[in-house]
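Asker: First to last, the sequence lines map onto chains A and B.
Reading the first sequence from the start, the letters are residues 0 to 231 in numbering that gives the first Met the number 0.
Reading the second sequence from the start, the letters are residues 0 to 230 in numbering that gives the first Met the number 0.
No lab work stands behind these hints, which were simulated from the structure alone.
Just so it is clear, the structure is predicted and the values come from calculations on it, not from any experiment.
It cannot be assumed that every hint is accurate.
[As the list claims (entries may be wrong)] Computed list of lysine-lysine pairs in DSS-like fashion (alpha-carbon distance at most 27 Å, straight line): (1) K2(B) with K82(B); (2) K169(B) with K225(B); (3) K121(B) with K7(A); (4) K121(B) with K225(B); (5) K121(A) with K121(B); (6) K2(B) with K225(B).
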Amino acid sequence: MLQDRLRKLGVTVAILMLWNGVGDFIFAYSPKLNGAQYSTMMFWDAVRTANGHPHWLVMLAQTPGWLYPIYALSALIWWFGMRRAGFWLSTVPCALLAYALLMIGGVQHIGFAYLSVLGQAKALVGSTDPAFYATAQRLLVEHFLWGDLTALIAFFGGTIWHGVAILSGRTLFPRWFIFLSPLGVLTFEMVVGNFLPAPFAGILLGMFGTWYMFVPTLSATIWMWNRLEVSK
Amino acid sequence: MLKNHLRTLGISVSILLIWNGVCDMIYGFSSQLNGNEYTSLAIWDVMRTAGGRPHWMIMMAQTAGWLYPFYALSYYPWWVGMKRAGFWLGTLPCLMLAYALFMIGGIQHAGWAFLTVLAQAKAAVGSTDPTFYATAERFLVEHFVMGDLTALIAMYGGSILHAVGILSGKTLFPRWFIAFSPLAVLFYTFFIGSFLPAPLAGIVITPFGTWYMLFPLIASTIFLLKRADIN
């Protein structure tokens, strides 16, 4: 019964995560950037202008943000596989990851649109007041980062902690599963993506948040598919 | 055991909710608006400028947004009391309200700050390009409303469905408990607030989101703690 529910949950959430990839693609994909350039100000230029996408498309890109409370349920699948490792190595990292996703939906994914507002307005009607533009842009970024602060802490803290728990060998997942964990996927994306040429780098790095959720969710769901211990 | 959990949850989340009230006041309180004006465009002028309050204070106002995943736990006591009414009248309304709070933390509470950015920049360095200003403001509002769309639907839909659940008489709560439901608190806040003069109207209406979460949480927790059959 429980296992059946977990299967349905994992498959459903993984499918819904694909829509996040579309949103990420609109917000952050640039066909001109190679991997190394994704960690420079050139990437910021792509974000703050939404790559010149029209307003309606940027609004469409916001919509996966609505689904993050559902994406956060993916932590439940991990938790069932990790709970035998005890509170500190299961509940805490999964709760941190769930918290991160709950916050990221509103403040980060939907919030990305705010970062491109000035670029969108400038593309439409021009801008003749650079001092105002620069100040407004600075304030937008500050509010974005500040709102995102706890989500980022939970995201990185939870990811590392989760990786430690997998490596402890006390969970239902084998140690090698670290490669399919959020930490493994994130590391893979950053390292491999950094060496990729344009336009492939954008597929990996522009949509890094989607892969970060999708691959571990699908992997954990498949691994737990027939593990009877899940119901104990 | 369950009562202990409910007590701990009720007290902890209630205390955390007070901070939301402080932040609501920073975003939307005006000492000059009476109740009627709070439902006019005058409130938009306050919101988009945060009443002229400084940048650091508006950043402080964002911080309550971080706590919304905890605020969403306030529907756990409601669910405990309503689950016997079944999925549609017990679980679904509580899920919708929890979803609303999950979203509101990031997109609405932390997001209000974005609506004030242009006014903050104008106060700091002036603005000589009204066309750009107006266009950027329109985009900000549109992105805010679009992001907030599902949260609003879940909040109002969930509040109404929740009230229907209580009125069905199938929950642990008596029908008169509708008076302590989120829908009722929302109604009191705006009804009473609309008759109040400034600055009292601002104290009642501005933190409406806080009252909306706080009073139903306290009421449902106390009610359940007094029930002998909750363990």
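Asker: Are the hints correct? Go through all of them and say.
Answerer: Results of checking the hints against the structure:
no. : hint                 : result
1   : K2(B) with K82(B)    : holds (16 Å)
2   : K169(B) with K225(B) : holds (19 Å)
3   : K121(B) with K7(A)   : violated (51 Å)
4   : K121(B) with K225(B) : violated (54 Å)
5   : K121(A) with K121(B) : holds (17 Å)
6   : K2(B) with K225(B)   : holds (9 Å)
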